[in-house]
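Trainee: Modelling step: build the complete structure from the supplied sequences, incorporating the hints.
Here the protein sequences come in this chain order: A and G.
Each residue of the first sequence is one higher than the one before, counting from 1 in our numbering.
Each residue of the second sequence is one higher than the one before, counting from 390 in our numbering.
Simulated from the structure, these hints should not be mistaken for lab results.
Source: prediction; values computed, not measured.
Hints may be right or wrong, so weigh each one.
Partner residues aside, some chain G positions facing chain A, computed with beta carbon under 8 Å [said to hold, decoys possible]:
(1) 504
(2) 561
(3) 623
(4) 624
(5) 626
(6) 660
(7) 710
All residues carry an ideal CB built from backbone N, CA and C; glycine is no exception.
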Amino acid sequence: MPDLGCEPVDGRARVIEHRKLVRAWITENADTLRPFRTEHATTEEELDAGVEFLRILYDAGWGRFGWPQEAGGLGGPPMLRAVLYDELERSGCPAPLQYELLETFVPAVLAFAPAVAAELLPSALSGEMCWAQGFSEPEAGSDLASLRCRATRDGDHYVVRGQKIWGSQGVRAARMGTLVRTGALDSRHKGLSMLMIDLDTPGIEVRPIRYANGRNELVEVFFDDARVPADRLIGAEGQGWAVAMFLLQYERGGYAWVRQARIGRLLADLVSRVDLTEDGVAHRVGATWLAQQALRVRCGRTVQRLAAGESLGPEISIDKVLLGTAEQLVCDAALALRRSNFLYSDDTADQAWRDDWFYTRAATLYGGTAEIQRSIIADRVLGLPKERS
Amino acid sequence: MTAGVSDDLLTAALGAEEIGLLREGLQAVFVKSGDTDSLAAALVDLGWDDVVAQVPEAVALLFEEQGYGGAASGLLDAVVLTAAGLGDLPGAAIVYPLPGPGGLFDPAAGTADGRLDFAGVARANGSGSIPETLIVPVVADRQTTLVRIAGSALTPRPIGGLDPDGGWLEVTGTVPLDQSATLAVSPEGWVTAVAAGRRALSAELLGIARRALEVAVQTVTARHQFGRAVGSFQAVRFRLAEAKVVIESAADLLRLAFRDTDPLAAATAKALAGAAADTTLRQAMQVCGAMGLTWEFPLHHGYRRATALDGLLGDTDNLTTAIGRYIGTGPTLPQLEPFGKGNGCRATHAPNSGSGSPKCPAPTPATPTNRPGGR
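Mentor: Structure follows, in structure tokens:
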């Protein structure tokens with residue numbers, strides 16, 4: 001068991017100390033990290049590099065801190081994870097993409113199915129078995145509760161039939177957390193369940209979706225009577241909506257935190273390439289940095305509130321709006337301030353900016369569109385009169 | 390009673406009920422007290438000094454309620470003077486410089502040929518009277534100092550301008566520096582004072598924004614068109630949701646700025662609070678319709694006050710540009726720390742500390758502590 005030396009007096013001090021240790025490790029292991037300090041032309045290459053990097057971070061211990069010991073972690077507050085992503089990105093080294101997914105999904109598995117977490121999390125943290133998430137369907141996007149992918153109980157298995165779409169990181173995923181309908185077709189929120197499905201199960205086909213940036217960022221998954229062990233249920237049957245809503249809190253917490261760290265790295269890169277003596281340039285950079293700080297401070301607080309066991313209300317839709325705004329601002333700034341490179345250069349770095357520009361257009365769609373978030377704020381935070389349907 | 394943006398800031402030290410009582414007390418004070426003198430007396434009655442002594446963040450509540458109530462006072466001067474270590478200068482008013490030669494964290498007036506060349510604004514003391522003494526931040530030889538000048542030498546002039554109820558004084562002029570007395574304030578003292586002033590101004594701006602949003606929500610809920618509440622139209626709802634987003638995110642920054650003495654935190658909070666007030670008032674003016682643009686409706690007062698306050702110690706636009714320039718000066722891009730900092734984790738971005746590529750890893754000294762195994 002790795003040892004942090006002296007045990008700091010409180011959680012806050014431990015997080016501060018952890019940051020120092022991570023930062024020192026990154027500096028001392030510059031040679032090991034160098035191969036990961038780069039952009040990748042394809043999603044597959046990026047995810048493969050991420051798997052290698054996950055293994056290194058797992059073996060060094062940093063990739064396990066902040067996750068519970070019962071599930072293969074090394075314990076400590078979740079902020080230890082946040083510090084790792086922050087320091088990696090700050091050093092110019094992208095954190096493995098898989099952490100984005102784990103930050104979103106794992107807390108729900110820990111809360112609703114500790115036994116599944118204990119069994120499956122270690123191989124996820126080490127990069128051996130990567131996860132994806134399957135919620136949306138062709139006919140169930142913003143109206144998620146209308147989803148139809150059906151799971152029928154048959155002895156100690158569920159038989160799954162239907163389709164999922166828009167699964168991030170799906171081209172290299174071994175498992176997918178899948179929201180399925182176990183109740184009647186018209187049961188809406190009540191008849192849903194969450195299943196962790198191994199994607200090598202017979203009857204499952206995963207097809208990449210070529211995203212607007214030319215990369216296979218997403219997948220669609222077809223289930224043709226795939227048999228899934230019933231003990232892979234996350235929460236009880238019929239509890240799927242509660243699991244999904246619980247999970248969305250972490251999309252505004254840990255996931256948003258990874259993304260803000262990434263935006264910070266992108267902005268640092270941009271700052272190194274532009275002339276800040278020009279007022280217009282400085283203003284644009286300043287506005288982008290302010291948007292990143294607004295997101296960072298907001299979702300950093302959400303991370304802490306979730307860590308303290310608070311159940312967060314509709315006001316976390318504010319975090320999601322800030323995320324979409326900051327994601328798009330930094331890429332728009334790159335377009336505006338390095339226009340000729342953005343338009344005409346085939347350098348890897350410039351290609352990566354273009355890829356990110358298209359990728360971040362989805363930041364106001366995934367996890368509930370910007371419009372859905374504003375409706376939640378209007379209804380449940382401001383208490384405005386409801387829209388007519 | 391609606392919770393304000395500063396509630397979370399205070400819950401660590403005060404109970405919700407206590408905060409509510411303080412807020413009500415302050416609201417009563419700001420409604421009743423027409424000038425700084427009667428305001429000061431009312432605050433003494435409320436025992437406000439004791440509250441601030443116990444909970445320094447209570448300053449946020451004071452200024453938020455001042456903004457919410459639309460009151461004008463010299464309270465900002467008291468905050469700035471106290472933070473500069475000059476709390477014992479009765480009758481003195483700070484002269485807030487217009488954008489000039491000072492830095493991001495120490496805005497100040499310039500000097501030339503031994504003369505102070507000044508353009509700024511001050512708040513009237515007491516019942517609108519001209520202050521006897523003016524405290525002017527001055528930058529000379531790259532050092533910022535505070536100088537004391539007799540009010541008569543700079544002849545402050547009451548002005549109406551955009552915010553005629555704000556008690557503003559225009560202060561312009563050229564004064565030989567030997568007619569002034571340099572006050573014993575370190576350059577860091579002025580940086581600290583500016584940060585304190587920016588936090589107070591942020592709270593006041595957010596109070597104004599909170600009031601405007603409340604008014605707008607009430608109006609669009611009550612008013613019907615096409616047989617339904619105006620606030621049930623998506624376009625209207627989204628505008629006010631947007632206002633809520635910018636208010637709450639600026640409030641989070643202000644919360645952090647009260648805990649983080651890095652002057653960048655206060656500057657960031659001020660830039661976001663100014664933008665939040667501007668956005669909220671514009672959205673409110675749109676959704677309240679023509680009624681919202683009448684003299685009797687409160688929105689124009691809010692817009693006037695917010696825009697005038699935004700101009701103090703760096704308006705949003707200039708702060709944004711200055712921050713953009715500043716964040717490129719260090720070896721790594723500065724990041725505010727919501728998880729706290731200390732023990733050597735600070736100051737990775739000290740001003741003027743080199744111009745290396747932000748992509749370089751931060752040069753961190755090795756620590757002797759044990760590390761997790763297996764490099």
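Trainee: Each hint should be assessed against the structure and marked as holding or not.
Mentor: Cross-check of the supplied hints:
A cut of 8 Å between beta carbons decides the hint on residue 504 of chain G: the least distance to chain A is about 28 Å, and the hint is violated. The restraint placing residue 561 of chain G at the interface with chain A is violated, with a minimum CB-CB distance near 25 Å, outside the 8 Å limit. Interface hint status for residue 623 of chain G: upheld, as the beta-carbon distance to the closest one in chain A is roughly 6 Å, under 8 Å. With a least beta-carbon distance of about 10 Å to chain A, the hint placing residue 624 of chain G at the interface is violated under the 8 Å criterion.
Interface hint at residue 626 of chain G: satisfied, since its Cβ lies 4 Å from the closest Cβ of chain A, which is below the 8 Å cut-off. For residue 660 of chain G, the interface hint holds, the least distance from its beta-carbon to any beta-carbon of chain A being 6 Å, beneath 8 Å. At its closest, the beta carbon of residue 710 of chain G sits 4 Å from a beta carbon of chain A; the interface hint therefore holds under the 8 Å criterion.
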